[in-house]
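Trainee: Two chains, each in its own frame: build the complex with the hints.
So you can see what is in the structure, the chains are spelled out below.
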Amino acid sequence: MSDHDAIRALIGKSCLTLDDSDFESYLALCAPAYSYCVRVWSPELRKDMIWLEHDRDGMAGVFEALPEHLQRSGRLSRLATVATIEAIGTDQFDVVSKFVVHHTDVEGRTQTLAVGRYNDRVVRIDGVVLLSEREVALETRDLGIGLHVPL
Amino acid sequence: MVARDQSSWDKMPDMPAGHFVSGLVYTDPDIYRDESNKVFSKVWHFACHESEVPDKFDYRVFVLNGQSLFAIHGEDGVIRTFLNVCSHRGAKLLDQPSGNARSITCFYHRWAYNSQGSCTGIPRASGYDDVKKEAVGLREVRTECLHGLIFITLDDGASSLAQFIGPALDRFSDMLTGQPLEVFHYNQAVLECNWKAWHETNMDLYHEFMHVVLRQTQVNAMPMEDRKLIVFDGGHGGSGGDLKAAYDGYDGFAGRGGDVPPLPGMSATDFRFINLFPSTAIISRGTVVRIDTVTPIGPDKALLEMRGLGVKGEPVEHRRIRQKHHNQYWGPFGRNVPEDMVAAESCADSFRNQAGRYQIIARDEKMAGQDDAILRAFYSEWGRRVGRDPGAPVK
Ligand code: FES
Ligand SMILES: [Fe+2]
Chain A
118 MSDHDAIRAL IGKSCLTLDD SDFESYLALC APAYSYCVRV WSPELRKDMI WLEHDRDGMA
178 GVFEALPEHL QRSGRLSRLA TVATIEAIGT DQFDVVSKFV VHHTDVEGRT QTLAVGRYND
238 RVVRIDGVVL LSEREVALET RDLGIGLHVP L
Chain B
52 MVARDQSSWD KMPDMPAGHF VSGLVYTDPD IYRDESNKVF SKVWHFACHE SEVPDKFDYR
112 VFVLNGQSLF AIHGEDGVIR TFLNVCSHRG AKLLDQPSGN ARSITCFYHR WAYNSQGSCT
172 GIPRASGYDD VKKEAVGLRE VRTECLHGLI FITLDDGASS LAQFIGPALD RFSDMLTGQP
232 LEVFHYNQAV LECNWKAWHE TNMDLYHEFM HVVLRQTQVN AMPMEDRKLI VFDGGHGGSG
292 GDLKAAYDGY DGFAGRGGDV PPLPGMSATD FRFINLFPST AIISRGTVVR IDTVTPIGPD
352 KALLEMRGLG VKGEPVEHRR IRQKHHNQYW GPFGRNVPED MVAAESCADS FRNQAGRYQI
412 IARDEKMAGQ DDAILRAFYS EWGRRVGRDP GAPVK
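Protein chains in written order, with the working numbering: chain A, 118 to 268; chain B, 52 to 446.
Heads up, some of the hints might be wrong.
[To be verified] Not everything, but these chain B residues come out facing chain A in the computed CB check (under 10 Å):
#1 A209
#2 N238
#3 E259
#4 V263
#5 G385
#6 A395
[Claimed, not checked] Straight-line C-alpha distance at most 16 Å; calculated EDC-like pairs for lysine to aspartate or glutamate:
#7 B:K352 with B:D400
#8 A:K164 with B:D61
#9 B:K279 with B:D415
#10 B:K107 with B:E126
#11 B:K446 with B:D79
#12 B:K352 with A:D259
[What the hints assert, rightly or not] Which stretches of chain B does chain A cover? Using the computed rule of at least three CB atoms under 8 Å from a CB of chain A, they are:
#13 225-237
#14 371-384
The set of hints was computed from the structure by calculation and includes no laboratory data.
Positions of the beta carbon are idealized from the N, C-alpha and C atoms, including for glycine.
So here's chain B without its partners, still in its complex pose (with noise of 0.2 Å):
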């Protein structure tokens, strides 16, 4: 018999652990909660750029576990994070995605704070015997930069971002601080699907096959087996080596990369990416960065956040290509981005109901190729994360 029946397709893969996931990842309500307690509110999540704030008093609002935050370059040049809520009776003080505020007073009784989160301004403080403004700063949430990256964690006590990361972004400092960065492209888009179903496609690489550009560019431009993957520890994975693309291949991309500098470290022709736990993966195309990060609404939707950066300060003509390379694949009319999310929510709707039972991420190439390894690490810090194996989860 080749097709099966419901307790063949119900049956665990008859493979080692770690070489398939449950579907159940994507759509049990308990896993959901897990995640959000035991990764989202514990790890380093990448907030934006520090080209997003770059003056003082301005600020950036991101949501993270549904919580409203924003980060704030303050007047001592320290880029600081706080929630989003007020101390007295819990309004959202910045209702705007970005902007520049001196002082951040609150629309409703205006309670005033300032750029390092104290308490300034209470009006007619003398009607309380018992508040002080000295009790009643924002709550501050720890920011680290990195390479003009800005993390913050919603654990007090989580160890430092350093430690958080490794060294899983060394082989990109030369890319994000040879020059100033800057973000030219940002857009959201919230996915019909689990954000780690997004998140696997920017980890799995086997999909290349999906993508007509991919297939055109890149599946020939280099032996498979020449290829480098690596995965660090705490389930951070990417490209150990840089991989090639052959641009001359999709028609309308020949020539990209000859026409403006690359950025430090790469040529035009260089692809080179990393995908840090749990859901930021930057990638860059030689001549152009991104950032996407992904966020959990529910089980069952996700927020995509999409940035696309270049060199700042650089002449208009070459911003303009560097825009149009990132438009090229990664923009909202993309020949890639957008395949993606047809793959992300397609694989979504068939676990949801549980047609879908288990997926397979066993493809070992010998850190080479098209290895599932860096999906494998992935699911094992998942799983050491929330105290669930990814193959069983659910007793």
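Chain A extracted, bound-state conformation (with noise of 0.2 Å):
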């Protein structure tokens, strides 16, 4: 397979594993020093804003609690597209993706709830892609009742 190829499935995983609430296959394709961040740009304070921030052992934390937490019934969807990969050496790369999530009710209607990029810094190690960062750049700021789940 190809750089590209593995890559744009790397971040089809991401959004798969998710959607499924299989967590331990997304930190999987997460390298040991994984960090995650929502960052919003705010127009009413006209500063960037983060949202949520974790390392892996954060997200770790995030997904072993879930099940304790109210939330949202129904599903998210992600669907993400690759826009442009760009090597930084051999081993290194930043992805930009954009993305779509829809929320599925238990009545099995669907809306759009979010829109934003991913912006994603790959790494190889022992021959395998992995996410070492990822940014999610939202563009929807209004989330109605909010996730627990990170996007």
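Mentor: Right, here's the structure in full:
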């Protein structure tokens, strides 16, 4: 598989695993030094805001606690399209993907929940490409009742 | 019989007045209109924090009672508020949520206004016989600032902000003014519920049980009977002494507060809140403050605005930690606020078509524990203002 194909599959799997609440498989896509954040530009404050920030352990903790929490019912569906892949040396890549997240409620009605970009740093470790940094740059700022699960 | 038939379900609860609220307060269109005319047109409403308009000509647009307004830091240093409406033909003057405008020029026919609301320019003014700049200034709305919080009222005849708030913010003055604060978080959410259904989540302590975070960090952190709640004239109410949180009780929150200085007058594990009538809550968890404001969009729709505040000019690393503390509970991905939103929308859904008839606010724990006194104080003031009994608001 070419680097580009492997990276596209990695981004795709990051969506599928979160959609399926298969958090173990999601974390298997992440490098040991994984960092995740949700960044949002506020035109009200004319500043960037961070809405969520975790390292790998923090993400694992979020996933672990999820069953205890009251959450929006229904399912999320993340659809990402890789827009650019830029190699940084031989084993690192900056990858920008556009994403849209739909929410399907328990009656089966689907609505768009959020759009934005994944700004990812991908690394190759022992021949396998892994996510080492993900910045979710959210365009949508009204998430309705909010989320317990990362996008 | 334990379960109830329809007539029993519909019957007014057999409790003292004030201990229950009719579901009609959330849905009835006449009540909604009364709230608009008798509450939101009359009260002092939290608009924004002074850090949102720090420099001359900075403005911040917001909505109250369906009307767009903007607060602007005037050339003379005074913060004023105006309807965001051009005197000429009504175009909206400012279309961005915030910005800096030395002169406000309407896009439509280029009438211009200054930061004090005077009309300063009318293109080809000679074409008018009876329009004078002096007579077509903006509609100014009364604006007062308390502890850095900017309040406005649409009622030109309202009593002062100090009279409206009374002593309700006294316990917050240290925290809000001991160091200059700054808003670092802002988000909005349109909720599918009546505005009161949201605000009740701030006033109802009993629902601590809904939140796993609060079950694990709060319910057992101090004896319930040691908690002090307080209500004030005017429908305000909150914590009368600091409540405590034991952050070690929730995985990932351990050590919270040890890594950044708490806000003035608080320890890292203190928890303090005040609900200002009708629709603003100020909540501090030691290191960070949240201000939320809900405004009605319709009987069944409300705009929630959430702000998070930290210390102005603090080191980047402190800000990052405060942001984290804010987000843990109150961000759109937090462990707390999204659950409240689920609750508000869920109750609204029951009352929407009168499946739910009454809600019970009858807990009496002598102003400790999870007493419903704050809810009762709110509804008492609500009833006084709209001229209706919250338990039987429609004859
Ligand atoms: S409507 Fe503003 S200048 Fe005409
Ligand atoms: Fe809550």
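Trainee: If a hint holds in the structure, say so; if it doesn't, say that too.
Mentor: Consistency of the hints with the structure:
no.: 1; hint: A209; result: 26 Å, violated
no.: 2; hint: N238; result: 6 Å, holds
no.: 3; hint: E259; result: 13 Å, violated
no.: 4; hint: V263; result: 4 Å, holds
no.: 5; hint: G385; result: 7 Å, holds
no.: 6; hint: A395; result: 8 Å, holds
no.: 7; hint: B:K352 with B:D400; result: 11 Å, holds
no.: 8; hint: A:K164 with B:D61; result: 51 Å, violated
no.: 9; hint: B:K279 with B:D415; result: 13 Å, holds
no.: 10; hint: B:K107 with B:E126; result: 6 Å, holds
no.: 11; hint: B:K446 with B:D79; result: 12 Å, holds
no.: 12; hint: B:K352 with A:D259; result: 14 Å, holds
no.: 13; hint: 225-237; result: holds (count 4)
no.: 14; hint: 371-384; result: holds (count 7)
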